[in-house]
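> Each chain is listed here by its residues.
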Amino acid sequence: MTGSCLSVAFDAIPRVTHMLTKEMIQLIYVNKLKKDFKKTIKEPGLKGSLKSFVKPKTEIITAVNEIDFHVPKGEILGFIGPNGAGKSTVIKMLTGILTPTSGSCEINGKVPYKNRKSYVREIGVVFGQRTQLWWDLALRETYTVLKEIYEVDDKSFKERMAFLNEVLELDEFITSPVRTLSLGQRMRADIAASLLHSPKVLFLDEPTIGLDVVVKDNIRKAVKTINENEQTTVILTTHDLQDVENLCDRIVMIDKGSKIFDGEIAELKRKFGQSREMKFVPADFSALDKLDYEGEFHLKDAVEVENDGHNVSVRFDSDRISVEKMLNYTLSKLHVKDINVSDADIEEIIKGIYRSEVKVDA
Amino acid sequence: MRRIFKIYKPFTHAGVMLAAQYRVNFIFFILGDVLMCFINYFLWKAVFSSGGAQTFMGFSETDMVSYIFISFLTSTLAYSDGSYAVGEEIKDGSIAMRMIKPIRFDLAFLFQELGERTMSISIVFLPLMVGVEIFRFVVTGAVQFNIFRFLLYLLSLVLAYLINFYVNVCYGYSAFVLKNLWGSNLLKNIIIGFLSGATIPLAFLPPVLSAVLNFLPFASLTYTPVMIYIGMYGPVQILTSFGLQIVWLIFFIFLQQVIWNACVKRLSVQGG
Numbered sequence: 007m008t009g010s011c012l013s014v015a016f017d018a019i020p021r022v023t024h025m026l027t028k029e030m031i032q033l034i035y036v037n038k039l040k041k042d043f044k045k046t047i048k049e050p051g052l053k054g055s056l057k058s059f060v061k062p063k064t065e066i067i068t069a070v071n072e073i074d075f076h077v078p079k080g081e082i083l084g085f086i087g088p089n090g091a092g093k094s095t096v097i098k099m100l101t102g103i104l105t106p107t108s109g110s111c112e113i114n115g116k117v118p119y120k121n122r123k124s125y126v127r128e129i130g131v132v133f134g135q136r137t138q139l140w141w142d143l144a145l146r147e148t149y150t151v152l153k154e155i156y157e158v159d160d161k162s163f164k165e166r167m168a169f170l171n172e173v174l175e176l177d178e179f180i181t182s183p184v185r186t187l188s189l190g191q192r193m194r195a196d197i198a199a200s201l202l203h204s205p206k207v208l209f210l211d212e213p214t215i216g217l218d219v220v221v222k223d224n225i226r227k228a229v230k231t232i233n234e235n236e237q238t239t240v241i242l243t244t245h246d247l248q249d250v251e252n253l254c255d256r257i258v259m260i261d262k263g264s265k266i267f268d269g270e271i272a273e274l275k276r277k278f279g280q281s282r283e284m285k286f287v288p289a290d291f292s293a294l295d296k297l298d299y300e301g302e303f304h305l306k307d308a309v310e311v312e313n314d315g316h317n318v319s320v321r322f323d324s325d326r327i328s329v330e331k332m333l334n335y336t337l338s339k340l341h342v343k344d345i346n347v348s349d350a351d352i353e354e355i356i357k358g359i360y361r362s363e364v365k366v367d368a
Numbered sequence: 005m006r007r008i009f010k011i012y013k014p015f016t017h018a019g020v021m022l023a024a025q026y027r028v029n030f031i032f033f034i035l036g037d038v039l040m041c042f043i044n045y046f047l048w049k050a051v052f053s054s055g056g057a058q059t060f061m062g063f064s065e066t067d068m069v070s071y072i073f074i075s076f077l078t079s080t081l082a083y084s085d086g087s088y089a090v091g092e093e094i095k096d097g098s099i100a101m102r103m104i105k106p107i108r109f110d111l112a113f114l115f116q117e118l119g120e121r122t123m124s125i126s127i128v129f130l131p132l133m134v135g136v137e138i139f140r141f142v143v144t145g146a147v148q149f150n151i152f153r154f155l156l157y158l159l160s161l162v163l164a165y166l167i168n169f170y171v172n173v174c175y176g177y178s179a180f181v182l183k184n185l186w187g188s189n190l191l192k193n194i195i196i197g198f199l200s201g202a203t204i205p206l207a208f209l210p211p212v213l214s215a216v217l218n219f220l221p222f223a224s225l226t227y228t229p230v231m232i233y234i235g236m237y238g239p240v241q242i243l244t245s246f247g248l249q250i251v252w253l254i255f256f257i258f259l260q261q262v263i264w265n266a267c268v269k270r271l272s273v274q275g276g
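Residue numbers (my numbering), protein chains in the order written: chain X, 7 to 368; chain G, 5 to 276.
No lab work stands behind these hints, which were simulated from the structure alone.
One should not assume that every hint holds.
Stated by the list, open to error - No farther apart than 30 Å at their CA atoms in a straight line, the calculated lysine-lysine pairs in the DSSO-like style are these:
1. X:Lys357 / X:Lys45
2. X:Lys123 / X:Lys79
3. G:Lys105 / X:Lys48
4. G:Lys10 / X:Lys45
5. X:Lys262 / G:Lys269
6. X:Lys230 / G:Lys105
7. X:Lys61 / G:Lys192
8. X:Lys123 / X:Lys161
9. X:Lys116 / G:Lys192
10. G:Lys105 / X:Lys61
11. G:Lys95 / X:Lys120
12. X:Lys48 / G:Lys95
13. X:Lys206 / G:Lys192
Treat the numbers as computed from the prediction; the structure is a model and nothing was measured.
Chain X on its own, in the form it takes in the complex:
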């Protein structure tokens, strides 16, 4: 793998263009952002519990380790990484909820955790797993509350509601209490709530979690529309890579608290898209033992075999092992009922990176 200093290479491309147009000035600067958490370690058993009650042992866990990135105005940035990678922690620092241990971030000329009250006026935030709506009140009431909080005047409020209504179709449930809304309705309502005051930056933390395909699609369209109409900068974290492919101009990928990729999706595919997947149904599963890819190709960690009892899938890097050799070897060793080789899609690539079979020099 020839992944030489990817992040530098990709950063350099947008930076040049930014110099040309004034609108493209970076809106978000993140510099060596770091967050440590203190964690109490509990020893097992009753004795351990008592011991940690009297004298708790703590250890420092680094959730986010010196992350850097910039986002220009009007961009939709996908922020991805496996569970526990530190995505949410970064979002919480960028929205002023958490104070970083060290490093800094500046958004729209403001430091989130220093001037929280004036800063949050200019951003909208949606946490997919929580709601900012008033649980026991009719949805309409939440918007009235928000109107007062953000001091939106009557005229703009009316126009804004009409616009959000059109994009997110709130009309059908705007008079119902929030607790009676379905998850999809609630998410649309939440997104509308975060956009009521026309924020400059929109943070979406897993906005499509648990939603069906149709609702997901609606939400993506709405985000796209708002981004195009108002030049709203969007930071999106998600596990749904369809979100990323449909929406994002660029992605930042983090794992174990560190940035491992920063660039456009096309670049990601070009760089890591050599991975292929061969799927086959063997005539006899016991014959699988005869396959020894590592021994045959003298390569370590280049091939990954997965057997779910019906299909066998083999992922490999076509730069190192040609598709022809792979097929020849496999077919020479056993009989198959069916076989096909496919391009890895972005999901596969990312799976690979998460499993760290693709090495990235960040």
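Mind docking chain G on chain X? Use the hints.
Frame of chain X; chain G shown alone:
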């Protein structure tokens, strides 16, 4: 000031609707308290009838009965759930949803609680006060109700509530450290109940202790308004106790801000 009311008024509205949802719960809660109050009443009745003396440590039987019911009324009205509300939000992490809004937490919680309290005020206040006044009229044969003293009582009650609220908010922030407040909250309520004179008048305690408690914020929570209501305080004492209440209120508003700033720096939001 008007802007503050405009922004935070919806919180009060939400509080009313919330209280209406849990009204059965609330009625049972109040019933338990009323029973406790009557147990206290019979206990003191027995003390007075067995002792033979007209007064006990400066309190006549009528004073004592008024004290029991008015202190119950005061501690019910000045009661604040702030520590629970704040603690729960910290515990389940929903405090984060407040942090992304350009609002002050203390005011948001305060206005919401005021909404929730309207119900308890309307249910408890009138019947209890009328009851006490009828009792005092029957025993002494004269109308004891004094509108001027009553207004002073109301002012002192509002101050008591606000102090109580901020004490509770300060305490609620300890959820950042303790993670769960249920047990320590129970202990805190009992200690404050005793030290504030809600259980027995502070005058019954040893003079030194009583003097110290009078100066500490505890007396401001229940004892001061009750003593004003039943006419045990003279003008000078009323003025000094008002002064003390205001000082403590400012102190706790300030303390709350300091604790919050310190907590936020070390905040870890629970539950992702």
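> Against the structure shown, which of the earlier numbered hints fail to hold, in ascending order?
3, 4, 9, 10, 13
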